[in-house]
Structures are given as structure tokens and as C-alpha cells.
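Visitor: What follows is each chain in one-letter form.
Number of protein chains: 4
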Amino acid sequence: MSGKLKTAVLGATGYSGLELTRILMRHAKLDKPVLLRRPSQDGGPTDLAEVFPALCGNGGYPLHSLSWPSLKQQGVQLLFLATPHEISRSLVPEAIAQGLRVIDLSGAWRLKNEQHRAIYGFEDSDALSAAELTDRAVYGLPELNADRIANANLVANPGCYATSVILSLAPLVKAGVVDRSRGIIADSKSGVSGAGKEPTSKTHFVSVADKFSAYSVFNHRHLGVIVEQLGLDGPEVTFTPHLLPIPRGILSTVYVQLNRTMTPLEVESCYRNFYSGKRWVRIFATPKLPQVQFSLHTNYCDLGFCLADDGRRLVLISCIDNLLKGAAGQAVQNMNLMYGWGEEEGLQ
Amino acid sequence: MSGKLKTAVLGATGYSGLELTRILMRHAKLDKPVLLRRPSQDGGPTDLAEVFPALCGNGGYPLHSLSWPSLKQQGVQLLFLATPHEISRSLVPEAIAQGLRVIDLSGAWRLKNEQHRAIYGFEDSDALSAAELTDRAVYGLPELNADRIANANLVANPGCYATSVILSLAPLVKAGVVDRSRGIIADSKSGVSGAGKEPTSKTHFVSVADKFSAYSVFNHRHLGVIVEQLGLDGPEVTFTPHLLPIPRGILSTVYVQLNRTMTPLEVESCYRNFYSGKRWVRIFATPKLPQVQFSLHTNYCDLGFCLADDGRRLVLISCIDNLLKGAAGQAVQNMNLMYGWGEEEGLQ
Amino acid sequence: MSGKLKTAVLGATGYSGLELTRILMRHAKLDKPVLLRRPSQDGGPTDLAEVFPALCGNGGYPLHSLSWPSLKQQGVQLLFLATPHEISRSLVPEAIAQGLRVIDLSGAWRLKNEQHRAIYGFEDSDALSAAELTDRAVYGLPELNADRIANANLVANPGCYATSVILSLAPLVKAGVVDRSRGIIADSKSGVSGAGKEPTSKTHFVSVADKFSAYSVFNHRHLGVIVEQLGLDGPEVTFTPHLLPIPRGILSTVYVQLNRTMTPLEVESCYRNFYSGKRWVRIFATPKLPQVQFSLHTNYCDLGFCLADDGRRLVLISCIDNLLKGAAGQAVQNMNLMYGWGEEEGLQ
Amino acid sequence: MSGKLKTAVLGATGYSGLELTRILMRHAKLDKPVLLRRPSQDGGPTDLAEVFPALCGNGGYPLHSLSWPSLKQQGVQLLFLATPHEISRSLVPEAIAQGLRVIDLSGAWRLKNEQHRAIYGFEDSDALSAAELTDRAVYGLPELNADRIANANLVANPGCYATSVILSLAPLVKAGVVDRSRGIIADSKSGVSGAGKEPTSKTHFVSVADKFSAYSVFNHRHLGVIVEQLGLDGPEVTFTPHLLPIPRGILSTVYVQLNRTMTPLEVESCYRNFYSGKRWVRIFATPKLPQVQFSLHTNYCDLGFCLADDGRRLVLISCIDNLLKGAAGQAVQNMNLMYGWGEEEGLQ
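So the sequences go chain by chain: Z, G, E and C. Residue 241 is where the first sequence starts when you use our numbering, and the numbers rise one by one after that. Residue 241 is where the second sequence starts when you use our numbering, and the numbers rise one by one after that. Residue 241 is where the third sequence starts when you use our numbering, and the numbers rise one by one after that. Residue 241 is where the fourth sequence starts when you use our numbering, and the numbers rise one by one after that.
Worth flagging that the hints you see were computed from the coordinates, not collected in a lab. Because the structure is a prediction, the values reported are computed rather than measured.
No copy is singled out in the list; a pair is fine if it fits within one copy or between any two copies.
Here are the simulated SDA-like cross-link-like pairs (lysine to any residue), alpha carbons at most 25 Å apart as the crow flies:
#, residue 1, residue 2
1, Lys528, Phe292
2, Lys272, His537
3, Lys442, Asp287
4, Lys272, Gln338
5, Lys437, Pro293
6, Lys414, Gly474
7, Lys437, Asp450
Model the full structure from these sequences, guided by the hints.
Guide: Put into C-alpha cells, the structure is as follows:
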């Protein structure tokens, strides 16, 4: 017995799953993680290096079939799911029933409000259990919900867009200084890995390079989460995602009106106080603004702002690496909270 | 005598100047244009192919020194300036005094409002003449000002951001259906050629590739023009430019609140009526949205929109090629109006 | 009757098919082409704008099912196939039997040598007809085979790599100045559109951006064609293709040893003489070298060279747009020869 | 006294200098390095974060003026120069005279052969000292010269192209199995950071994106080093560098003829034996080939090969990160040898 935590990753063959695997491999508090194929991938790759040739020669990342008895036998206590939400919706109840703690990177358990959840079209075979789990799941944004995450058995890891937007707005919204009647605009731009590893006509190199477009206007799944976590009403937030011709990174430009005149220093203080002691948020002193590349390959959420001369109109800039703070890094941050370790463990 | 118009281009060595030269070369109503070096470039390249090697072997694009007598002798009647605004500010009064008509692609003559103009920091040696010209200059956005352009001696060709934002807003603002008290947000994203051909640390490939950032928040030169041309007050518009890692193209995402509930069909009609007969604007029927690549290498401004279920919140998408409809193509469109030709002449 | 030629395109939904369609649409000698779905696409898109949204609003590019009687009724005389080689191999015999002339952009009919052809693994149901057609098919490289193309009923349009390599070598090989015993190296680099429009893990944006790799070393289908057309033996040519992170364009760097000492002027003369009167080849005078971007969006093959001080070692650079001179443009050039029109018709 | 080595970096504001600084900052055997401005930069940036905004908020990277007494006072023993070769040529003799050990990343001290060195055009004021140093300088390729590096006072750190080409050829050339009479071709492709941080028209984003070109054919500075280190004659090697539209990474495709027939296994053994125990070379088992992205952000040189059926023609693929194994990483590897530490120290 190593005294180290044994974890498993289901879905290591996706972009987030790969990043997660890499972090877990070198995390000092962990045994080597067990890598699991999705059920639909049986007969598929037997080693992660077949999917990501850059791993070749590094000693082997064997992929196993999912089997609850086998996980139990290996002493796995924590399961990460980096799977489509339909798969998470069906497997998580089983995992919880097996006594595992779960961090799910999909959208399956993020939403409490039934109306918001409708966009996912869940058809739960075991409605009761799913409803119970929906209630018990904790939204895994450590900067907002650290205490509840620490005790959770099921953490719903936030999506990338939602992370960047919520973290940029939370200090102001919670302080009650946003003029909600004027509406909040979140104009977000994401790199292509946010669209997943599945090859489609939209992710073909020729479809993306030299190009730029908006999509899912008024209609993106992350809008409901943003609204729920910030305690806002749906129509108060307009969220427009765009596809950037870069591999990774998100920059959100968020527009709010303050309900009273503030100085830049007051705005900055509002952010610094709210995120005091938070290891993975960096506040930029105005007029410096974060750029998407500053947070790439880190777990930081970088926040900056510009206040108009009128002291009311505020432009917020929020940047993250969509695969780290927007997915795998945040999942590890959540694990660190669940096991009482420092939030930076394994993420530096 | 060919019966064709003789033109000259000052500043053909920039990106807009090159595009302009290419269009003028094949324009059926024109003689071969005279290409002029900027005064500061004397001793520099003697042929455009030295600056743009892709032109080599195409028969020669000689660059000449600027000389008013020589232009007169060659019968030049129309001068294009694709130069920094300081140069335009000092040379245009001379050109007008020489009896030339002028289309200036810089920001030198776009603004009427002195306060807006302050951002350029003009120090005019001959203040009277400059003030007069400022009054007489016509803002060369053909979809708004066709009649005045036709008779102008000095056309101030619009900038790329301003073109994309003004054309997306004009139908709604002129129809009086925008709730101006709620504020208008223009979140614009531009390719790198918009930053000019001068090599700087910001345009270095390594500084741009895989990256994305906002800049000049609340502080960009085009804001004043947008406000003036739409008849708005400054604080009603928040304009945020961003730098895209693509060579060319602009996409502006513009957010407005309507002051009454409308249907998507009503919004579309508003656009179709306003741009009826306008050759170079394409309206996309909702829910189709333009993408930056659709208008590349064309003179089109592509416009689309999404209306929220509440019938009030409206997201507008506007795309242009910053070097064509945002610069050289629009300049040719203006020339076509000035000489009574079809607006599509030379631009197809 | 318009007196214009009626053509049809099978496979307009691919990258080459789209380029071909665009050229045919504006070709002065042609009626509007008939666009055909592949048999496997029935039930799929009914208009090309569904596949290429940039075409939307341009008036319609309806896609029809393939039907020989319908083609006859519409007076189609020439059929272009921009289809996978398996489809071309099965449909071309039918088309020829129907009395159509055919230009096939696939690899189905390019190779005479059975051993070379083995790499394609053809299983011809009607072996005799296929064998006959293989003999009669003319390799459609206009700079080498113009006379035979003019009279052909079946033109096998060259592939992109082969076009760039053959055109760079032909003048020297035909002049007998290459030291074949030393071996010829063709190190080619292609943009991603050369890999086709089908989304795969290899063409995913994240798999390509910021990356570069070699593939199919000693094992690429175009090697056989290069050898056949130049009259060389297989082992005399080493051909290595690489995948460039750009949408389109090919640059081949070709290394030969001369069998006698030459001067740069002699080498240049060899090229100028060989390609005298050839409209779509541009020779660069040493030390100027073509770059991939010079020939983009044109039908040119750009050729340049550097000769070592020893007068023996020669580095050749050859650039084309893989979708034009490497596919659709060359197909139109072949059509122009087949119907006695100028080689530049429709391609300027 | 910390018991740790004190180092200084001159030229931290370039790409290699930044990478070097980052590695030295976290190297367990080192004190925090002293960062020095080039003499020409006095009056310039006072902190590295002004040049690389991504560093902002990380606690300060102050830049100091170069002063020998100050370095001595701070106990600096080892000086890295990441400067243009002219500066290295003039400063290194002073540094050595001051008793410092030096690792120079420029081309100033790599070449022994006067004829090869002519391409740099050195004008040494103190010819004797420079000549002496030229003799004493050790070429810092650890896989070839580990013993001499360990004892060197002046290490000439290899260039990126040379590293990739020499490491791919050394095992075969040293084994005497290359048919040198047939000539060796090295066709190399490099990302843009290899061209340095200075903004020029050639490194402008618009000049690079979507483009590809060869340059300095028969005429690149690294050719002399390749020839010297491999013990070859100049005309035996043809070296062609190309500029890839990616930020970093080099892939060299190298062509050799063997002077006897070999099997793939024999070739692989030759590589495995030669690099046995070498921590930073990875051999790929045929038919797997390295790709440029596999070695990015690592200090590895990845080597693979394809052997033709004839057992003679061999294609070698060699990939490195030009800023790490091609510059800063290799410099640290050399330092580790000079101070008797493990070669992997600080590089994992």
C-alpha cells in the first residue's frame, strides 16, 4: 500500500481527458491512475499512445474496460468522467452506488433548474435516482463553492465558457453593484479544442483556419449555468460564443453597467477582496488586460477590466485555458479540495 | 487619348494600397494608374514587386516620386491616398489646390466634431484651409451618403471597423427602434492586416499566432466616427476591438435593445428596406449568420441577426473584408459614384 | 440553343469540385454546368450552398442525381469527375459508353504500368473495358501532352504533387542532363485541402495547427505517375510528402545532380526553351525563388532554381495551388485544349 | 551562501533568452539568475515582463546593466549569452578574462575552419585573443562532445538547424555506412521563432500565415558547422532551410544513400547503440516517424527513419523544439555537464 489515492479516468482519449491524465500522472498525492475506455470504445485503442502519438515511447498508458469489481479490487476511490453528458448521466448513478466519489466533467449534473436542463434532453431511466443526484451534485467552481465541494460525493465540473464568464461577474453581482435592468452581455471566444476531438466538417482545418464565426446565439447550454450560479434571471444575460482559429484558450469580453458610479480603484478592490486567498485567479491592475495566451497551459483564470469615464460602463476581460481551468485543471483543483490538499497541488 | 480616367495612388506599398492598385489595374473605365511613393520613401523601392514579390514577373509596377506638375502633365484627375493620416492631413490641401479630386483612405478627414478629432492630435500648419476641408469632406460610406459622394472633391474613405459597425446599426437607428438609453455594444474582431504593414512586436507572427486579445477599450479612433455617422451620443456606444490571428477580415458582434417588441420578420424587413438597391450589402435571413470568411476577397458587407424570444434583445453580426469593403474596395465604390459609373464596376 | 458547351460535374461537394464549379460558372464558352451528387450522396444536400455556406445568397447551385438519360437530354457533352478513384473507376466506362468525353480528377486512369497501379487495388468488374480505357486515357498534363489531350475522350487529370514535381523535372530530364545514377529527391509540402474534405482525426484543426509531419515515405501513390511521365525507373526517385499547416498550396523542393557542369544561365535557358509558349508556367530568374503564396488562387506553376558553385548540384523549387493547377484549374486547361480554345480561357 | 550556483543571462529579452530564463528560474541547483540587458538596450525595459507581458504578476524579472564588477560582487560564475553573434564576439573575451565560464548561444564561436567562418564577417579588434578562444571553444552538442564540454570554459551552443541535422546523421556517418559520394541532402523546416524576435517584414504575421518558402539555399551559416562536426567535405552536404508558418519547432528530412545494403533493424541498432544512455535523444522504431509537435516544449531530439526496399536509400526524420534542444534547453544540458550534474536536471 502506497498510502496514495487511487483514481480512475473514464474518457482519457478526449482532449480534456488527456490533459487530466497528464496532471494525475505527476500529482504527488496519487497513485498512477487507471485509464478506462468508454463502453462504446471496446475493441478500440488499448493504449492512449495510439490516440495521441506524442505519448509514444513514454512507457505506456494502457486503456482498460470499465468494470466496477475491477475498480474496487484496485482500490479506486475517485472516478473522473471526461465523457459526453449522456454517458455521464447513465454511469454516475452506478458509480455513486458503488461507493465511489465522482468528478464529472460533462454537463450532466450542473443544472438544478429543470427548465434550463431541458436543453440537454435527458431521458433518465431511473428518474428518482437521477433527480436525487441532481440535487446532491455540487457545482465544482472552487472560488464560489469550496466548502460544499470538500464534502461532495458528486462534483459537476464546470464548462469552460461558464467558468470564464461566472468568475468575471461574480464579485460585482454578489456585491450588488450591477444594474441588472440594463442587461449583461458576455461575448466569448473559444479555441477549437473546446468543440471536442470528434472530427466534423466544422473542426476540419480548412473550415477553421483564417476564419471566425459566432454560433448558438441565445441558445448555448452554458447560459443556464451562468444564470443559476450568479442568481440572475435568464433574460438578464446575453451570451454569444464564437469559434477562434486557435487550438486552445478562451477570452470572454463581458459588458455590465454599474448601478452607481465607481472608480477603477473601487472596482479593483471589489475583485481583490472577493478573490482574496484564491490561488488560481489573477487580477490585472487596470489598464493592463489579460490576453488569451497569458493563461494557456496554466490553471489560472485571468481577470481584467476597463471602466469608462462615466464610471458606469464596465468592460471585463476574462481568460482561461479551456482544457485546464475550463476542464481538467479545475477537476484536479476540485479533487484537491475533496481530499483536503492545497489547491495548487499537481497544478504548478 | 484613351477617354479613360487617369488616377494616381500614393501609398501603394501598404496592404490597402496594394489591393487598391490591383483593382484599379483591371478597372475597365481607367487608364493604368500612376503609383507614387510616399515622400519619406524616396530612395526606397522603385517597383511595387520589390515590396510584394508575388507581383514579380507581371510586367512592372513602377513607383514614382510625387510631383504635382508631373501628375498634371500625365492628366491625372483623381488621387487616392493610402497613407498615414499625418501625411494625408498635409498633402490633401495641396492636392485639392492643384485641382485634383481626392479619395483619402486615412482617418484625416473623417471627423467633423473637434472633440472626436482630438484623438488624432492634428497640428495643421494651415489651419484655415484644413478647417475648410474638414467641413467640405464627405464621409465616403456609399450606402449612407451616395448623393454627396457623387459631387465631392474630397472623400474621406471610412475605416474598416467603422464600416462594419455603422452598416449593421444604421437601419435600426435611423428607424428609431433602438432603445438608446440601454446602450449599444459593438464587440469587433479584426484580422492582422488591419494593423498595417509596418512590422512591430505586436504584428510579429509569434506574437499573433494562437493568440487573441482586446485593445483600445473605450479609446479607439473609430468610435467618434461611429457616433457621428449614426447621430448618437458618445456614451451610448461601447466599442471594443480585438485582434484575430487571421490575415484579414472583420466580424463585429453588435448588441442592441429595441424600444418596442419586434418579430424577426420585422427586423429583417427593416434591413431589406434600408438597403434596397444597395449592391454591396447582403442580408442573411435569420437564423443564418454571416461568417468572416464569406465576405473575404469581396466588397460585400454581410449582415445577419438573432432576436431573443423577448423580441427586444438583438444580436447583430456584420462581416467585411477589412482591405476591400473596409478600405480599397469601398474607395473604388466611391470613385464609381463620383464618376457616375455603376457601383459594381471593377469590383466583381 | 446557346451554342455553348454543356458540361456536368460529379463531385462538386469536394474542395476540387467546388473550385471547378466556380471556374465553369464564369467560363465564357460554357453553359451553366449541371452539378451532380455522387450516388452515395442521394438523400444528401440538394444545393451546393448547404455544403459551402459562403455560396448562400448567390442564386442557387442545385445538385442533381446522376442519370445518363437526363444528361443526354440536357445536351451534356463533357463530364468532369471530382470523385474518389473507386467511383471514377466504375463510372467512367459507363460515361464513355454513353458517348461523353470525360475529364477525371481522380487517380483512376493515370497509370499505365500495372505494377504502379497495384497501390490503388482496383477490382474492375469489367476488366476488358477498364484495360482498354487505361490504354486510351491520356495523362492530362498540358505542358507535356497537349496534342494527345486535344483528341482524347478520357483525360486523367494529374494529381497535385505529381504536377509540381513533374513540371520541375521535365526540362532537365528530357534534355538528358540529369545524372540519374545519383538519384532524384522530391521533398514536397502540401496544404491540408490536399487531404480532402472528409473530416478525420488527421485533418482536425487541433491535429494540424502548429504542427508538421512527413507521411507515406517511399509509399505514395503519386510516385508511380512521376516515374512514368518522366520515363525514369522507380528507385531513381525518392518522394517524401509532408503536411503543411496551411489551407492550400504545394511547394516541392527537388534535388538533382547534373551529369555535366552547367551555368545558371544554361539551366534557365533549358527551362525557358522547354516551356516556351506555355501560358501557365512561370520561370523565376535565379536567385529569385517562388514561394507557395505567389501561385495561390492562380493556375500557375512557378519554377525556380539554385545551382551550387560546383555547377552540378541543383535545387529546384516548384509551387502550385493544389486545387487549381493541381486539380480544377488544370482540368479546365485540359478542357480548353480538348475544344480548341485558348489555354487561359476562364482561368484569368 | 546558498551553496547554489549563481548564473547570469545576457539577452533574456529574446525568445531563446526567455526560455533559458524560465528554465534557470526553476533549476534546483541554481540561485535566481541575474538578468542583463544588452549594452544597446540601456534605457530600455527594466523588467522582463515589459517585453513578455505573460510574465506580469509573477513577481518581477528585473533587468540590469552589464557590469563586470557587479557580476563578480554577486558571485556569478557562469554567464549565458543569448545575443547576436557580433555582441558575443566582442563580449566573450572580456568575460573569460574576468574568470567567468561562458555558454554562448550565438554563432560566434562554433566554427574552427576559417573559410566557414567567413560567412559571419567577424572583425575582431583583438585578433589574437579571438583566435585563441576560437581554438579553445567547445562545440556544445552533448551527445557528441560530453567530455570536452565538462571541462570547457567556453561552450559554443549549437544552432537549431545544426542540432537537428547533425544528430540525425552522426550515427551513420561515424559508422562509415554513408555513401558520401552520392551526396547528403538535408531539407529542414523551421518555425518562425527561429528567425528571432526582431520584427521584420519577413516575420510579420501577414507575411507568414498561410505561406511557406525556402531561403538561403547553398548559403546558410549552419552548413559549415554541420560539415565540421561530421567530418565531411562542404559539397557533400546540400542544406535547404524553409520557413514554416508555426511559432516553434524544426523538422529536418535528411536523405542519404548507404554504401552497403542494410536492414531496418541494422539501421535502428546503429542509432540505438550510438545514443545508448543519452537522455535527450528518442529513437522511433520504424515505421513510426517523429512529428514536429512531439518534441515541442521538451528538450528531446526525436529521430526516426524509413529505409527503401533496396536497403540503400534512407530517409531520416529529425525533430526538435528550436528554442529548447535547439537553444536554451541544450544550453542548460551543457551547464549540467560542466558542473557534473545529471543531464536531465531542470529540463523535465
